[in-house]
Amino acid sequence: MNERQKPFEILLVEDDPGDILLTREAIKESTLNINLSVVNDGAEALDFLHQQGKHTNTLRPQLILLDLNLPEKDGREVLSEIKSDNGLKQIPVVVLTASSAETDISKCYKLHANAYSIKPVNLDDFLSVISRTTDYWLNLVTLPPGE
Amino acid sequence: MVNREDSKEQLILNLIKLRQRVSELEPMEAEKKRYERQYAEANAMFESLFEFASDAILLINRARCITRVNAQAEKMFGYSRQELAGKPHDILIPKRFLERHKEEMKDYMSSPRVRLMKSGAELYGRRKDGSEFPVDISLGPLSNEKDSLILSVVRDISEYYRQNEALLESEERYRRLVEMAPDGIAIQSEGKFVFANTKAANIFGAESPPQLVGKSIWQFVHPEYKEIVEKRFRTMTEEEKGVPLIEEKIIRLDGTPIVVEVVSAPFTYRGKVATQTWLRDITWRKQAEQALQESEERYRQIAENSPLSISIHAGGKVIFANSTSLSTFGVDSLEQIIGKPVFDFIHPDFRQISLERIKTMMAEKQPAPIIEEKFLRLDGTTFIGETISLPATYRGQQVIITWIHDITRDKEAEEKLKWTMADLERSNRELEQFAYAASHDLREPLRMMVTFSQFLEKRYKNKLDKDANEFIGFIVDGATRMSKMIDDLLEFSRIGRLGKPFTSTDCNKSLAEAVSYLKVAMEESGAVVEHDALPKVMGDSSQIVRLFQNLISNAIKFCKEKPRIHISAQRKGDEWIFSIKDNGIGIAPEHFGRLFSLFGRIHTRGDYQGTGIGLAICKKIVERHGGRIWVESEPDRGSTFYFTIPITGQEKI
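Sequences listed follow chains A and B, in order.
Quick note on numbering: our numbering labels position 100 of the first sequence as 100, and the sequence is numbered without any gaps.
Quick note on numbering: our numbering labels position 598 of the second sequence as 598, and the sequence is numbered without any gaps.
Keep in mind that the hints are not guaranteed to be accurate.
Simulated pairs of lysine-lysine, BS3-like, Cα-Cα distance not exceeding 27 angstroms [unchecked claim]:
hint, chain 1, residue 1, chain 2, residue 2
1, A, Lys-110, B, Lys-500
2, A, Lys-107, B, Lys-484
3, B, Lys-365, B, Lys-340
4, A, Lys-28, B, Lys-461
5, B, Lys-463, A, Lys-28
6, A, Lys-107, B, Lys-340
7, A, Lys-54, A, Lys-6
8, B, Lys-500, B, Lys-519
9, A, Lys-73, A, Lys-83
10, B, Lys-557, B, Lys-581
11, B, Lys-317, B, Lys-359
12, B, Lys-317, B, Lys-286
13, A, Lys-89, A, Lys-6
14, B, Lys-572, B, Lys-509
15, B, Lys-519, B, Lys-581
16, B, Lys-226, B, Lys-192
17, B, Lys-231, B, Lys-317
18, A, Lys-28, B, Lys-458
Covered by chain B, per the in silico footprint, the following chain A stretches (three or more residues, Cβ under 8 angstroms) [unchecked claim]:
hint, segment
19, 29-41
20, 48-56
In case anyone wonders, no lab produced these hints; they're calculated from the structure.
The beta-carbon is built from N, C-alpha and C at its ideal position, and this holds for glycine as well.
Okay, chain A solo, but in the shape it has when bound (with noise of 0.2 angstroms):
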């Protein structure tokens, strides 16, 4: 068992709630101790993160998935204001999509993602990368000191 008392802060940015559902779900099955934070497009997900509007009293993630297409302010701008920010670029940014674009992929790291992951179709493979994707990073690497 984890020796830890607080649980692991993840952010999903992501506005299908299909896809939140299912994040929800693998998350669920997880054996870590994660708390699960949802915003639904990219304004909301900078606010999360400075603390503002009505995020004031939210945690700094350890974690965040990030999805491209959002409304307003889409994954990449978002991606590309965290990766540009010293209080924040720390944090590593996993982008989960639908896109298999070429031109996706490799923008996204050229903007400092940590990681690029494809949604799959099938379900088992779909909470297979989210249950993977929080274990290594929630537990078989070393994260940077909070705050």
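Given the coordinates of chain A, work out where chain B should sit on it, guided by the hints.
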């Protein structure tokens, strides 16, 4: 003597007789005196004739010695008569003639007779100073009681010789002039040639003048000119006038007609009325004129039938324009162009440029390079012309020749093509974007369908009945297939959109890579893939791999027994023909057409899996490489897929 008696009487008689005789003798005496006077007169006349004769006269005795000479002889030979008297006459003869002379004299002495002077004997006299001079000599015997003499009359013919020679020279000079004249000169008298120089003989087709002389002139007159020639002869003989130069056709000895220039004039030749004629063979000139005319006609045709407007301008004005210029400049007749200022036809924006070009051309005598200029038609409309000009001399004038190619239509076509190309590119891009967006955006809802059907199945499997499970299965299957098709469509759209530049690609390596991706399928089916040595081609190597992979994968898939696949390549002309032969189920010819189309499946899904995009991708790859793809097959007899890759650049060598 006589007795006395007798004597007295006799004496008287005698006295009477004597008186009678005296009276008889008196007139005789007078006569004698008269004779003597006459003789003296004759002698004096002879003496003066002898002395003052204009010819030299010498008297020579049988011993060939000079007995007497006259004054002219002294003068002629330079000796005084005292010097000559008694001398052998050999001293007056040049030594080289002495032998001959002696013989002749001997002959003459044996039968002396009068021999008159004759020229041409080539006799020479010798002066005291040794100089020689030509002479004519008359000889005659002159005998007296003492001796038989020869009278020799010698005439100095130097002057005659000189004149004769001058005449001969002059004749020779004229003869040469006539002979060497570049024109034919001939004389006819009484309708026949009496003289011709070599040139005239040649013109009439004779090898030499003798071949012509004596022949009738009428055999050489061309029938077309008979009347004219007759009229000219009448003018010459009746009016004694020369006739002017004309061109006339004559017939040569060999029967060929030629054209000559002829001028004739009457004159008297050896006392007869004759005409002399000068001829010049102008056949070559006629031919040259003809050739020139033909050449001119040819160039005129070229100029007239040129699809380009050709015009000549001098001093800023149009002086020539071909008929194409009519349509180019929108006029009905050349009068509307000829004589007009050139700038009337050049758009104001281009007049300065034109002026510069003309100046440069005139100065450098070099053609001006091709430019595009805007021109004006008569009705004020404009057109774009491609123009080339060059300076030249035309009828002694400095001119500019200009070719104008109306490229308005070309320009329009070019513009249209540009638009069409841009349109096509845009449409292509849009299509690719559409395909990409569609496949991308379609994937999302589809993924939801698949995942949540599976979710449903997973969570409620045992809570629903058998039918419900089957239904869920259909949803999942359909959505999965659709998702696969979208993936394929995406890949298909990427071939053109995301293809890499062509590089030299070793097909042996590409095939090996393709086979490595098919390892699982090959192991499952026990397929055997063999190949001959394959060439290097210019291509997108990853697409070539994909091409082999799809074709081999198909061959494995559509096979009932253990698949055997053979790949080879053959060069034919400028391309490689690749073949992929299998022992599979084969394809009926009626399906060949559909085979390579998008999602063109020919088998039910139950039998063989796949979206039916594999061959469409193959076709698109081959076509992107500039090749063709086709199949030869029969059901149950296996199939052979062929594709070609053009040989370009270094592969050609």
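Right, here's what the structure says about each hint:
| no. | hint | result |
| --- | --- | --- |
| 1 | A:Lys-110 with B:Lys-500 | holds, 21 angstroms |
| 2 | A:Lys-107 with B:Lys-484 | holds, 25 angstroms |
| 3 | B:Lys-365 with B:Lys-340 | holds, 24 angstroms |
| 4 | A:Lys-28 with B:Lys-461 | holds, 20 angstroms |
| 5 | B:Lys-463 with A:Lys-28 | holds, 22 angstroms |
| 6 | A:Lys-107 with B:Lys-340 | violated, 68 angstroms |
| 7 | A:Lys-54 with A:Lys-6 | holds, 23 angstroms |
| 8 | B:Lys-500 with B:Lys-519 | holds, 26 angstroms |
| 9 | A:Lys-73 with A:Lys-83 | holds, 15 angstroms |
| 10 | B:Lys-557 with B:Lys-581 | holds, 13 angstroms |
| 11 | B:Lys-317 with B:Lys-359 | holds, 15 angstroms |
| 12 | B:Lys-317 with B:Lys-286 | violated, 35 angstroms |
| 13 | A:Lys-89 with A:Lys-6 | holds, 22 angstroms |
| 14 | B:Lys-572 with B:Lys-509 | holds, 22 angstroms |
| 15 | B:Lys-519 with B:Lys-581 | holds, 19 angstroms |
| 16 | B:Lys-226 with B:Lys-192 | holds, 16 angstroms |
| 17 | B:Lys-231 with B:Lys-317 | violated, 51 angstroms |
| 18 | A:Lys-28 with B:Lys-458 | holds, 15 angstroms |
| 19 | 29-41 | violated (count 0) |
| 20 | 48-56 | violated (count 0) |
Going down the numbered hints, you'll see the structure goes against 6, 12, 17, 19, 20, while the others check out.
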